[in-house]
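Participant: Read off the chains here:
2 protein chains.
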Amino acid sequence: MRVIRATLAYDGTDFVGWQVQAAGRSVQGVLQEGLERMHGHPVRVVGAGRTDSGVHATGQVASFLSDIDSIPGPRFRDAMNAYLPHDVRALESAEAPPGFHARRSATMRVYRYYTVTAPVLMPHLRRHRHWVRRNLDLERLRAMAGLIAGEHDFTSFTAEGAASGSRVRTVMDSRFDAEGDTVVYTIAAGSFLWKMVRNIVGTVLWIEENGGGPAEMAAVLDAHSRSAAGPTAPARGLFLEKVLYDETLGS
Amino acid sequence: MRVIRATLAYDGTDFVGWQVQAAGRSVQGVLQEGLERMHGHPVRVVGAGRTDSGVHATGQVASFLSDIDSIPGPRFRDAMNAYLPHDVRALESAEAPPGFHARRSATMRVYRYYTVTAPVLMPHLRRHRHWVRRNLDLERLRAMAGLIAGEHDFTSFTAEGAASGSRVRTVMDSRFDAEGDTVVYTIAAGSFLWKMVRNIVGTVLWIEENGGGPAEMAAVLDAHSRSAAGPTAPARGLFLEKVLYDETLGS
Chain A
90 MRVIRATLAY DGTDFVGWQV QAAGRSVQGV LQEGLERMHG HPVRVVGAGR TDSGVHATGQ
150 VASFLSDIDS IPGPRFRDAM NAYLPHDVRA LESAEAPPGF HARRSATMRV YRYYTVTAPV
210 LMPHLRRHRH WVRRNLDLER LRAMAGLIAG EHDFTSFTAE GAASGSRVRT VMDSRFDAEG
270 DTVVYTIAAG SFLWKMVRNI VGTVLWIEEN GGGPAEMAAV LDAHSRSAAG PTAPARGLFL
330 EKVLYDETLG S
Chain B
90 MRVIRATLAY DGTDFVGWQV QAAGRSVQGV LQEGLERMHG HPVRVVGAGR TDSGVHATGQ
150 VASFLSDIDS IPGPRFRDAM NAYLPHDVRA LESAEAPPGF HARRSATMRV YRYYTVTAPV
210 LMPHLRRHRH WVRRNLDLER LRAMAGLIAG EHDFTSFTAE GAASGSRVRT VMDSRFDAEG
270 DTVVYTIAAG SFLWKMVRNI VGTVLWIEEN GGGPAEMAAV LDAHSRSAAG PTAPARGLFL
330 EKVLYDETLG S
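Chains as they are written, first to last, in the numbering used here: chain A, 90 to 340; chain B, 90 to 340.
It is worth saying that the hints were derived from the structure and are not from the lab.
Even for Gly, the Cβ is constructed at its ideal location relative to N, Cα and C.
There's no promise every hint is true.
Claimed, not checked - Quick list of the computed label-pair ranges, beta carbon to beta carbon:
id: 1; chain 1: B; residue 1: Arg126; chain 2: A; residue 2: Pro208; range: 18 to 26 Å
id: 2; chain 1: A; residue 1: Arg256; chain 2: B; residue 2: Arg133; range: 30 to 38 Å
id: 3; chain 1: A; residue 1: Ala312; chain 2: B; residue 2: Asp158; range: 26 to 34 Å
id: 4; chain 1: A; residue 1: Pro320; chain 2: B; residue 2: Asp103; range: 25 to 33 Å
id: 5; chain 1: B; residue 1: Asp103; chain 2: A; residue 2: Pro303; range: 51 to 59 Å
id: 6; chain 1: B; residue 1: Arg256; chain 2: A; residue 2: Glu298; range: 50 to 58 Å
id: 7; chain 1: A; residue 1: Glu125; chain 2: B; residue 2: Arg114; range: 33 to 41 Å
id: 8; chain 1: A; residue 1: Pro303; chain 2: B; residue 2: Ala232; range: 41 to 49 Å
With the hints as constraints, model all of the structure from the sequences given.
Facilitator: Below is the structure:
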């Protein structure tokens with residue numbers, strides 16, 4: 090058995106999320122269906138990030154075991170794409186070292202959240218961008234994002250009803266950049282709490298809209314209570330951008 | 090009655106085209122429905138270009154008569170957007186001089202056709218790009234595009250079953266540009282034959298794929314026969330980019 094690692098992009102709009110669920114079309118599900126047709130037997134796929142319904146990816150990483158010996162690792166990409174719907178694509182593939190596991194081996198996940206501030210959201214972007222109809226004070230956003238970096242208890246930014254366990258996470262990067270009329274939030278961490286990125290973005294935008302800044306953001310973070318934070322930003326603005334691995338595992 | 094002129098963008102994927110038809114969702118139709126709800130009576134909308142099913146726009150121009158006196162011309166944009174589905178947006182609006190007619194007053198239409206040549210088409214672009222899985226010889230494309238500029242009988246590039254009448258048109262601009270892994274064809278003319286742009290692009294790509302160049306393209310143009318040309322390129326790569334008007338009409 091070989092371990093195959095594939096980098097994936099998908100448009101999350103028409104999926105219930107990454108993970109196979111009792112009902113609905115999942116990214117993991119269409120991958121497993123495609124690989125089953127390709128292999129002639131069921132193939133279990135593991136993903137680095139369990140993206141929610143409507144969340145997109147340009148750099149999700151998946152791994153699976155394959156008993157097909159005739160296809161070189163890099164050619165799995167095209168073979169897989171022949172069996173996948175057009176809203177999921179393999180961008181790259183390779184044979185990974187034995188023991189590689191897309192989720193457990195990952196050392197860092199990078200997400201990006203895109204918010205358009207133009208007076209009109211171009212229709213071609215409507216599935217892939219959040220839209221707020223006002224100018225954003227980039228300096229205030231940046232000051233708030235800076236507070237997120239580092240090791241914190243992120244209870245305020247997890248979802249109601251999330252699994253128990255430690256809510257402490259270490260954020261390696263947390264910043265806002267402007268690209269034309271679009272504000273892009275980038276966050277990198279080893280792992281995230283459920284809906285953490287969308288809750289951080291939703292809270293930052295909510296504080297900014299109400300004239301607040303770093304003091305209010307610090308108070309939310311310190312409250313360790315979901316009810317202190319703002320709304321969850323919509324899924325459509327969020328992309329799983331990249332997953333990093335130890336170099337020994339061929340990142 | 091005031092004449093209102095609006096610049097529109099739309100994602101043509103889920104439309105049967107610009108024009109109202111017996112069945113199906115048309116851009117003109119959703120505009121007329123929105124304006125009827127806004128005005129309390131039917132409003133007839135005219136568009137500069139009758140885009141086909143699946144064809145997009147970033148700069149379509151529409152005009153209509155309005156008896157609403159309370160909304161300044163530039164504010165029609167937001168009022169219209171409140172009554173439109175998210176795959177059609179008014180980008181700008183203004184009160185136009187009496188007699189302005191989005192179709193009859195137009196002096197030039199500019200279309201762009203986008204073809205991605207990357208090994209994988211990113212899923213987020215799948216509704217808005219044609220995809221050919223090979224490198225394109227840009228110099229040969231440019232030489233073929235150059236033959237299209239000027240006044241010609243474009244019978245070879247019109248659709249089977251198109252209305253009769255002169256097939257002579259004057260093309261003011263016809264060129265290919267590369268933007269990363271995307272090849273963009275731009276064509277400008279006062280008016281076009283039905284499916285002319287997609288037939289030109291389809292033919293150029295077909296000749297290129299078969300190793301031909303300007304000589305083969307000239308032969309197709311001179312044949313004055315649709316059967317001499319190549320396939321029609323898919324609608325999803327085509328955008329109505331811009332419509333120009335005489336400055337006296339406030340272009």
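Participant: Now look at each hint and say whether the structure bears it out.
Facilitator: Against the structure, the hints:
1. B:Arg126 x A:Pro208: 18 to 26 Å: At roughly 22 Å between Cβ atoms, proline 208 (chain A) and arginine 126 (chain B) fall inside 18 to 26 Å, so the hint holds.
2. A:Arg256 x B:Arg133: 30 to 38 Å: violated (59 Å)
3. A:Ala312 x B:Asp158: 26 to 34 Å: violated (51 Å)
4. A:Pro320 x B:Asp103: 25 to 33 Å: holds (29 Å)
5. B:Asp103 x A:Pro303: 51 to 59 Å: violated (43 Å)
6. B:Arg256 x A:Glu298: 50 to 58 Å: Since the Cβ atoms of arginine 256 (chain B) and glutamate 298 (chain A) sit about 56 Å apart, the hinted range of 50 to 58 Å holds.
7. A:Glu125 x B:Arg114: 33 to 41 Å: Once the Cβ atoms are compared, 36 Å apart, the range 33 to 41 Å for arginine 114 (chain B) and glutamate 125 (chain A) holds.
8. A:Pro303 x B:Ala232: 41 to 49 Å: At 59 Å between Cβs, range violated.
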